[in-house]
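Engineer: Chain by chain, the residues:
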Amino acid sequence: AQSVTQPDIHITVSEGASLELRCNYSYGATPYLFWYVQSPGQGLQLLLKYFSGDTLVQGIKGFEAEFKRSQSSFNLRKPSVHWSDAAEYFCAVGAPSSASKIIFGSGTRLSIRP
Amino acid sequence: EAQVTQNPRYLITVTGKKLTVTCSQNMNHEYMSWYRQDPGLGLRQIYYSMNVEVTDKGDVPEGYKVSRKEKRNFPLILESPSPNQTSLYFCASRRDRSSYNEQFFGPGTRLTVL
Chain S
513 AQSVTQPDIH ITVSEGASLE LRCNYSYGAT PYLFWYVQSP GQGLQLLLKY
563 FSGDTLVQGI KGFEAEFKRS QSSFNLRKPS VHWSDAAEYF CAVGAPSSAS
613 KIIFGSGTRL SIRP
Chain R
1067 EAQVTQNPRY LITVTGKKLT VTCSQNMNHE YMSWYRQDPG LGLRQIYYSM
1117 NVEVTDKGDV PEGYKVSRKE KRNFPLILES PSPNQTSLYF CASRRDRSSY
1167 NEQFFGPGTR LTVL
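These protein sequences, in sequence, are chains S and R.
If you count the first sequence from 1, position 85 lands on 597 in my numbering, and the numbers rise without skipping.
If you count the second sequence from 1, position 111 lands on 1177 in my numbering, and the numbers rise without skipping.
Careful: at least some of the hints might be erroneous.
Unchecked claim - For each label pair, taking beta carbons as the anchor points, the in silico distance ranges come out as:
1. S:574 x R:1131: 40 to 46 angstroms
2. S:557 x R:1125: 29 to 35 angstroms
3. S:523 x R:1117: 23 to 29 angstroms
4. R:1104 x S:527: 39 to 45 angstroms
5. R:1122 x S:583: 29 to 35 angstroms
Said to hold, decoys possible - Among the chain R residues that face chain S by a calculated CB cut under 10 angstroms, a handful are:
6. 1105
7. 1139
8. 1141
Think of the hints as simulated: they come from the structure by calculation, not from any bench.
All values reported here derive from a predicted model rather than from experimental measurement.
In this text, a Cβ means the ideal position worked out from N, Cα and C, and glycines have one as well.
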């Protein structure tokens, strides 16, 4: 069965600093991988997704993520964070074989230090 | 504007009083689902529907019912709410059952059961 782990519950970074949010997944083959962002009081918005091909994926709002098969990871990065990036971030995994199911991680809350 | 709407956004109720949370999408999506979000647990799927009159249990279906009589609507019904159903609920939709497709989320319904 697929699963996804986000080891960091809460991260604080200074505005302008770089960011990396960790995500590890468990699945027997290459899954579909997603990062979502949830701003306060809002629903989830898709930042980026990986299905196959180039392991470095570009998303919206200046985010990128890198799929590393050997480490079963799909970490989210941003070179310079802005105060508006403060939100909760969810990594999610979908299984191509079962088609419909998506499993979400427990989320990482990002705070920005002025 | 393509969107998923939920009503109400906030609801406080008492144990045992039946309630319905509505969900509607205007994108002609086949697949719809309900999630609950609890601190430290991420999003867990309650029920999903692959098309009209086709519904199935997710990971945490106990205490909930759904129906899919029309393609655009997917209401969540709590016949006899209990305090452990206090949570933040999200409705989501995507084009079809394949998790390859982007999932769109509603703004959420915060439910408190006293």
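Engineer: Next step is simple, just say for each hint if it's right about the structure.
Structural biologist: Results of checking the hints against the structure:
1. S:574 x R:1131: 40 to 46 angstroms: Distance hint for residue 574 (chain S), residue 1131 (chain R) holds at roughly 42 angstroms.
2. S:557 x R:1125: 29 to 35 angstroms: violated (22 angstroms)
3. S:523 x R:1117: 23 to 29 angstroms: violated (40 angstroms)
4. R:1104 x S:527: 39 to 45 angstroms: violated (30 angstroms)
5. R:1122 x S:583: 29 to 35 angstroms: holds (34 angstroms)
6. 1105: OK, holds: residue 1105 (chain R) within 10 angstroms of chain S, min 9 angstroms.
7. 1139: Constraint on residue 1139 (chain R) not satisfied, violated at 17 angstroms.
8. 1141: violated (17 angstroms)
Hints 2, 3, 4, 7, 8, counting from the list given before, are not met by this structure.
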